[in-house]
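> Please arrange chain D on chain G, whose structure you already have, making use of the hints.
Just so you know, the protein sequences line up as chains G and D, in that order. Read in order, the letters of the first sequence are residues 1 to 113 in our numbering. Read in order, the letters of the second sequence are residues 1 to 114 in our numbering.
Check the hints yourself; a few may be wrong.
Said to hold, decoys possible - Below, a list of computed lysine to any residue pairs in the SDA-like style, where the Cα atoms sit at most 20 angstroms apart:
no., chain 1, residue 1, chain 2, residue 2
1, D, Lys101, G, Val60
2, D, Lys101, G, Asp56
3, D, Lys58, G, Pro101
4, G, Lys9, D, Pro40
5, D, Lys101, G, Asn62
6, G, Lys9, D, Gln38
7, D, Lys58, G, Lys9
8, D, Lys101, G, Thr5
9, D, Lys101, G, Thr70
10, D, Lys58, G, Ser100
11, D, Lys113, G, Asp56
12, D, Lys101, G, Lys9
13, G, Lys9, D, Lys61
14, D, Lys61, G, Val50
15, G, Lys9, D, Tyr39
16, D, Lys71, G, Ile54
17, D, Lys49, G, Gly96
18, D, Lys101, G, Met19
19, D, Lys101, G, Thr113
20, D, Lys101, G, Gln57
Claimed, not checked - Short, incomplete list of chain G residues facing chain D, as computed with Cβ under 10 angstroms:
no., residue
21, Arg44
22, Leu45
23, Ala52
24, Asp56
25, Tyr64
26, Pro101
27, Leu110
What the hints contain is simulated information worked out from the structure, not anything from laboratory work. Even glycine gets a Cβ: it sits at the ideal position worked out from N, Cα and C.
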Amino acid sequence: NAGVTQTPKFQVLKTGQSMTLQCAQDMNHEYMSWYRQDPGMGLRLIHYSVGAGITDQGEVPNGYNVSRSTTEDFPLRLLSAAPSQTSVYFCASSSGSYNSPLHFGNGTRLTVT
Amino acid sequence: AQSVSQHNHHVILSEAASLELGCNYSYGGTVNLFWYVQYPGQHLQLLLKYFSGDPLVKGIKGFEAEFIKSKFSFNLRKPSVQWSDTAEYFCAVTRSGNTGKLIFGQGTTLQVKP
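If we strip away everything but chain G, and leave its shape as in the complex, we get:
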């Protein structure tokens, strides 16, 4: 069972570069979300989606774009990377039904120089 798969695991960008963090789940989950984890700040919600074609902003959406064209995939785009976006990024999914917790991917460690 693959669960939630994130790629890449590590990435180094220069300021101003763009890139897309990939996230895919094979559990037919409706909910998908992106978090960033920073020391002392826990996990903060960037964007989330309640189904294909539907996305919404979380706590810290600035500098990030998302789209949800399929149930399986939920990519996170950085259009112009900034050092403040250096973080560990986690994708998560949930069936959204009662009593259903989030399933997390293994994370992407991003460094912006």
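Just chain D, lined up with the frame of chain G:
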């Protein structure tokens, strides 16, 4: 807006000591509550969850948590910690029925000395 506060940022215990990690949330409606654990270098794993019913919930690895609605609290406990419990612990809350949009606390780093 919802928020979650974890009181202890860094806890150091000896093996066999008892553990209690505090968690308070701010939201007046019906909530679902979670504790996640992140072992070094790994992703988050669910320890336990509360949706409804018995406010004392038991999770994996001997952990339990008690939901006290009047105090907006969901503290995590374990009677006797082990060195392998060294990890970071996150409390999280979401509005009932919206399990995809979790709000996390800042996390508590637990270090257990052998």
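> Given the proposed pairing of D/Lys61 with G/Val50, does the C-alpha separation stay at or below 20 angstroms?
Violated, at roughly 32 angstroms.
> Are the Cα positions of D/Lys58 and G/Lys9 separated by 20 angstroms at most?
Violated, at roughly 33 angstroms.
> Take the shortest C-beta to C-beta distance between G/Asp56 and chain D; is it under 10 angstroms?
holds, 8 angstroms
> Between the alpha carbons of D/Lys101 and G/Gln57, is the straight-line distance 20 angstroms or under?
holds, 10 angstroms
> Under 10 angstroms, Cβ to Cβ, is where G/Ala52 needs to be relative to chain D, so tell me if that hint holds or is violated.
This interface hint is violated because 14 angstroms lies over the 10 angstroms limit.
> Holds or violated: G/Tyr64 as interface residue toward chain D, Cβ cutoff 10 angstroms?
For G/Tyr64, the interface hint is violated, since the closest Cβ of chain D sits about 16 angstroms away, which is over 10 angstroms.
> Identify whether the interface hint at G/Arg44 stands, where standing means a beta carbon of chain D within less than 10 angstroms of its own.
holds, 7 angstroms
> Hint check: D/Lys101 vs G/Asp56, CA-CA at most 20 angstroms. Holds or violated?
Holds, because 10 angstroms separates the two Cα atoms, which is no more than 20 angstroms.
> With a cut-off of 20 angstroms on the C-alpha distance, tell me whether D/Lys101 and G/Thr5 pass.
It holds: about 19 angstroms lies between the C-alpha atoms, which stays within 20 angstroms.
> For D/Lys49 and G/Gly96, compute the direct alpha-carbon distance and say whether it is at most 20 angstroms.
Holds, at about 14 angstroms.
> Verify the proposed pairing of D/Lys71 with G/Ile54, using a straight-line Cα cut of 20 angstroms.
Distance ~35 angstroms between D/Lys71 and G/Ile54 Cα, so the pair is violated.
> Taking only the CA atoms, is the gap from D/Lys101 to G/Val60 under or equal to 20 angstroms?
Since the Cα atoms of D/Lys101 and G/Val60 sit roughly 13 angstroms apart, the hinted pair holds (cutoff 20 angstroms).
In the structure shown, a violation is registered for the earlier hints numbered 7, 11, 12, 13, 14, 16, 18, 19, 23, 25 and 27, in ascending order.
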